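Chemist: Each chain, written out:
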Amino acid sequence: MQLLIDILSWITILTGSFFVITGGIGILRLPDFFTRLHAVSMPDTLGIGLIILGLVLQAGFTQTSAKLIMIFLFMIFTGPAATHALAKTALHGKLKPKAMYKQDEESST
Amino acid sequence: MIFALAACAILLTMALTLSRGILGPTTYDRILAVNSFGTKTVLIIAVLGFMTGRPDFLDIAFVYALINFVGTIAVLKFFEYGDLGGARSPDEYES
Amino acid sequence: MLGLLTVTAIAIARMDQLFAAVMLFGIYSLLSAALFVVMDAVDVAFTEAAVGAGIATILMLGALALTSREQHAVPRSRHWIALSVVVITGAALIYGTLDMPLYADPNAPAHLHVVPRYLQQSMQEIGIPNVVTSVLASYRGYDTLGETVVIFTAAVGVIGRLGIVPEGVVESKTGGMEHHLILRITAKLMLPLILLFALYVQFHGDFGPGGGFQAGVIFASAFILYGLVFGMRSVTRVAPSIVVRTLAAAGVLIYGGVGVISLLLGGNYLDYNVLGDQPKDGQHLGIFLVEFGVGMTVAASMISLFYAYASYKREE
Amino acid sequence: MRHSISLFVFSFAVWLLLSGYFESLLLVLGLASCAFVVWIARRQDVVDHEGHPMHLRPMRWILYLIWLIGEIVKSNIDVAKRVWSPKLPISPTLVKVPADSDELRQVIYANSITLTPGTVSIDLTDATITVHALTREGALALETGEMARRVHGVGRAE
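Chains as they are written, first to last, in the numbering used here: chain A, 7 to 115; chain B, 103 to 197; chain C, 102 to 417; chain D, 735 to 892.
A few of these clues could be false.
Label-pair ranges, simulated between beta-carbon atoms [as the list claims (entries may be wrong)]: (1) A/Q8 to D/G887: 34 to 44 Å; (2) D/E757 to A/T68: 16 to 26 Å; (3) A/I75 to C/V361: 38 to 48 Å; (4) D/F770 to C/I362: 40 to 50 Å; (5) D/A766 to C/V187: 48 to 58 Å.
One-sided and incomplete, this derived list gives chain B residues near chain A with beta-carbon spacing under 10 Å [claimed, not checked]: (6) F105; (7) T119; (8) I133.
Derived by calculation from the structure, the hints in this document are not laboratory data. Please read these numbers as outputs of a predicted model, since none were measured by experiment. Positions of the beta carbon are idealized from the N, C-alpha and C atoms, including for glycine.
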């Protein structure tokens, strides 16, 4: 049983780490600010989610797990708010995304 | 073992994010890098806490998550309005 | 990790845009705090997290808002003066560390004299699990009193320089980011949680990492967030700036007062043993009160610093 | 008042989880802290249906969260593939989607969009969310309005 939990938590932590690294690569590779936002949202969701899930599996049903889950919830609530605020500020700061409005595209064709 | 591996992965990502923070090119990229860096710090502290077997670290991780949010908002407000206290009216803001 | 720290430091030095430099400072703080965690200095990491990464960045931004965003060019001759000062200081510091024992050397003087006493006897003399708190508030009570006064003085200094917020100015600059729907609702959800967490840190300094300094900063950050999102008028309505300034002074007075009371009861200044029937109870009560005073001063000073920065308007 | 009491109970539960010490002194301090928090929160005027959403249907919430997690996993894998592939096959698209009239639900919707990698809500005005999608497919999927329908189910109609 313990072995099974260990293996499970290893898998989740490793997958989480993979998404975290992918986010890091993405933030470097993607061409402009708005696309980089997408790269950041990967480690912010599945990255922390899976790593914290793995840690919770290790900790078992304890206070540590409760705190981990609280941290996770806090980050899940504040993360998108911060991202949105950042994007909105950038948009009003006259930073033009390298993308077209879909509605515009359709009307032009 | 597995924690060390995860810590390495997070460190690597921190390095990648840092280079985006240094390269820029726009200020928003830098803010994004700092925000994302903060997330990684929270994670690495949680993982390191487990590695050394001291779960008090979680309190610190929580402080980070919190400070990261407040800090980002402060930075954004500063950038949008030029100072921390004042604000324009919504109409002015929309234009 | 040290490597990353170095890279960040160099990048800060080379950055012309002050704003970007502030951002990198944020990263620098986060990194060094993570480093403290690795070295097992949990309380230090806690403080660095709250003060360095959070408040310092916000206050630097405040300062930046008052000055200009671009760095002015400095004449080359002054570069050399600056460089030589830095090199001399650095050399002196390195020379100092040569005398210092190796990291984690068990024969280091610090490990031979005070530390064993602090570590082994703090449990029986003071009776609280977190050694850092007992050292901070009891064995080194004077130092901590000094630090609290420093923070208070800093707040007084900034207020003296920038001026106390005139009520009229606050009225005219009412707005916040209320129209920013997502921020408003998220802030509403999170504010009680942040306040509760600050109080938790305040009262659990005896058991885990934490205490007055950290709690004060977290508490202040809740108010700063509120001020940022809902505007200066709202935040000064909740915590009027005169009340905040009074609380800052009251915190120092509580700390000093505990010392005076222990004098009156026949002990030394800040000797908590006389406060209770048992020395241990006295220590408990003393540390509790002192930490409370510290928390109050720190929180109130930070909030009034924020007020001062946020409501000051440069004359154009 | 309802919200205040609920916030108090919630705060105390959080306090117990954080603290883990069940001594009388700390419990009393905890109660005092919670009362203090509720007092400040009331002064800050954040205790209302927005700041403390207790009127949402819990079962719908759980179902919605499960569905959302599924979506997040799917889109994570999709974006990860695109980031790693050497050609970087992205086609950034902006799209405007209508949102609910209720502000709280607008926020839930916008945050769900942001949480799903590949789509970020970059503006929210007059119940319209501007979304930046990493790919055209992502934008199209959002336009079907499935997420909006599900979010609508979460909030109780006034």
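Chemist: Look at each hint and say if it fits the structure.
Modeler: Results for each hint:
Our hint of 34 to 44 Å for A/Q8 and D/G887 holds, since their Cβ atoms are close to 41 Å apart. Checked against the given bound of 16 to 26 Å, the beta carbons of D/E757 and A/T68, roughly 19 Å apart, stay inside it. With their beta carbons about 46 Å apart, A/I75 and C/V361 fall inside the hinted range of 38 to 48 Å. Range check, D/F770 to C/I362: Cβ separation about 25 Å, and the 40 to 50 Å hint is violated.
About 49 Å separates the C-beta atoms of D/A766 and C/V187, a value consistent with the hinted range of 48 to 58 Å. Proximity of B/F105 to chain A holds as hinted, the smallest CB-CB distance being about 8 Å (cut-off 10 Å). A distance limit of 10 Å between C-beta atoms decides the matter here; for B/T119 the minimum to chain A is near 6 Å, and the interface restraint holds. Checking B/I133 against chain A: minimum C-beta separation of about 6 Å stays under 10 Å; hint holds.
Checked against the numbered hints above, the structure breaks only hint 4 and satisfies the rest.
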